[in-house]
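Protein sequences, first through last, are from chains A and B.
Each position in the first sequence, counted from 1, maps to that position plus 195 in the numbering used here.
Each position in the second sequence, counted from 1, maps to that position plus 26 in the numbering used here.
A short, non-exhaustive set of chain A residues, derived as facing chain B with CB atoms under 8 Å:
1) Ala219
2) Leu280
3) Ile303
4) Ala311
5) Ala363
6) Ala364
7) Leu370
8) Tyr373
Per the computed footprint, the stretches of chain A lying under chain B, defined by three or more beta-carbons under 8 Å from a beta-carbon of chain B, are:
9) 203 to 216
10) 238 to 244
11) 251 to 264
12) 339 to 348
Some, not all, of what chain B presents toward chain A, calculated at C-beta under 10 Å:
13) Pro30
14) Arg51
15) Leu55
16) Leu82
17) Leu92
18) Ala97
19) Ile105
20) Ser108
Bear in mind the hints are in silico, worked out from the structure with no lab data behind them.
By construction, the Cβ of each residue, glycine as well, lies at the ideal position given by its N, Cα and C atoms.
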Amino acid sequence: MTPYPNRTSLMVEALLFVVTAIAAIAGAVTVVAARNPVYSAMGLLGTLFSVAVLYVLQLAHLVAAVQVIVYAGAVLTLFLFVIMLIGVDKSETRDEKLPNQRLFVGGIAGAIVLLAVGVTIFGNFDWVPAGGLITPNATNGTIQAVAEPLFTDWVLAFEATALLLTIAAAGAIALAHYRRRAS
Amino acid sequence: MIDPGWYMALASVLFTIGALGLLLRRNALVMFMCVELMLNAVNLTLVSAGRALNDLNGQVAVFFILVVAAAEVVVGLAIIVSIFRLKSTASVDELSELRG
Chain A
196 MTPYPNRTSL
206 MVEALLFVVT
216 AIAAIAGAVT
226 VVAARNPVYS
236 AMGLLGTLFS
246 VAVLYVLQLA
256 HLVAAVQVIV
266 YAGAVLTLFL
276 FVIMLIGVDK
286 SETRDEKLPN
296 QRLFVGGIAG
306 AIVLLAVGVT
316 IFGNFDWVPA
326 GGLITPNATN
336 GTIQAVAEPL
346 FTDWVLAFEA
356 TALLLTIAAA
366 GAIALAHYRR
376 RAS
Chain B
27 MIDPGWYMAL
37 ASVLFTIGAL
47 GLLLRRNALV
57 MFMCVELMLN
67 AVNLTLVSAG
77 RALNDLNGQV
87 AVFFILVVAA
97 AEVVVGLAII
107 VSIFRLKSTA
117 SVDELSELRG
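So that you can see chain B by itself, here it is in the shape it has in the complex (with noise of 0.2 Å):
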C-alpha cells in the first residue's frame, strides 16, 4: 500500500476547494455542492486514518457520516426549493430576511 499521508493530502485539497467554493460562490445550491465535498474530504480521511490504523471503526465513522449527509441533503434542498418558491432567487445575497 502507499503511504496513507497521500490520501489525506489529497483530502485536505479537497476540502481547501470545497471551503474555498463554500466562501466565494453566491448560488446556495453549489454552496451545499461544497459542502458535501468538504464532507467527502472528511470520509476519504477516515478511510485512510482507520486502514494506517488497521481499525475498521474508521469505515463504520464514514457510513455513519453518508447517512447523516443524506438526511442533511434532504432537509437542505427542500429548504432551497421553498425558498425559491417565496423569493424565486437561489442567490444567498438576495435573503436578508433575519437581518434585525
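Chain A on its own, in the form it takes in the complex (with noise of 0.2 Å):
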C-alpha cells in the first residue's frame, strides 16, 4: 500500500498545513478577541485567505478560488464598509450581563475541543477508502469537475440559489431604503 506518490509532496502538504493552521487560528483569535472591529475584520481576512490554501492543498482549485473572490473579496469588503458607516470609535463593553454566560461558552468550548482532540488522536478515520488512501489527483476540483455535478445532479439547487441571491439583493435595497412613517 502506497499511499503518497512521494514523500516530498507529504511534506511540502504537512509543512503547508501547519504553517496554515497556525495563521487560521492566530486570525480566528483575533475576530474573537480585537476591540476594534476593523481588526477583527483583518483577522477575518486572514483566517479566510489560510481556509483558501488548505483547499487548495486539497485539490479543490476552484472552491479556493471562490473563497478568496467571493469572501476575501466581496464579503469582507461589505463588511469593512459597514463597519466605517457605523463607526469604529464605538467602544464595547465586556462587563458580561447574561448569568452564567461565561461559564456556558467555557462548557461547549471544552467539550468540542475534547471532542476534536478524541478524534485526532483516537479515531482511526475509518471512513477512508478500505483500500487506502486515494491517490492525490482524484478529486481534482477543476472548475470542469465541480461543475459536471453541479449542472447535472444539483441543477435545481443552483437555480434555486440564483432565485435566492435575487431575493436578497431585492431585501437588501428595499431595507436600505426603508423609512420610518414620520408620525
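Two chains, each in its own frame: build the complex with the hints.
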C-alpha cells in the first residue's frame, strides 16, 4: 500500500498545513479578541486566506478561488464598508450581563475541543476508503470537475440559489430604502 | 496527502473559536464575523471529507454554502445598518424591542 506518490509532496503538504493552520487560528482568535472591529475584519481576512490555502492543499481549486473572490473580496469589503458606516470608535463594554454565560461558553468550548482532540488522536478515520488513502489527483476540483455534478445532479438547487441571490439583493435594497413613517 | 482528520480537527477548532465569539461578543458586526468563521469551518470539513471519500459532491456543497453565506451577509448587514440608523448602536445588549 503506497498512499503517497512520493515523500516530498507529503512533506510539503504537512509543512504548509501546519503554517496555514497556525495562521488560521491566529486570525480566528483576532476576530474574537480584538476590541476594534476593523482588527476583527483583518483577522477574518487572514483566516479566509488561510482556509483558501487549505482548499488548494486539498486540490479544491475552484472552491479556493471562489473563497478568495467572494469571501475575501466581496463579503469582507462589505463588512469594512459597514464598519466605516457605523463608526469604529464605538467602544464595546466587556461586562457580562447574562448570568452564567462565561461558564456556558467555557463548557461548550471545552466539549468541542475535547471532541476534536479525541477524534484526532483516538479515531482511526475509518471513513477513509478501504483501499488506502486515495491518490492526490482523484478529486481534483477543477472548474470542469465541479461543474459536472453542479449542472447535472444539483441543477435545481443551483437555480434555487440564483433565486435566493435575487431575493437577497432585492431585500437589501428594500431595507436600505426603508424609512419610518413620520408619525 | 496528510490524514484528513487533521483538517477536521483544525475545522473544529475554528468552529469553536467562532462559537465562542458569537457567545461572548456584544457587537453585532463581530458576532456576524464569528458566524462567517463557523461557516468556513464547516466548509473546510466538507472539502476534507469529500477528498477522503473521493467524492466531488463535498465541493459542490461548499459552493452552495458560499452562495447562501453571501446572501446572508447582504441581508444581515442591511439589517444591522437599518438598526443602527434607528438606534445609533450596534450592540445587541441595547436591542430589546421584541421583549414581551
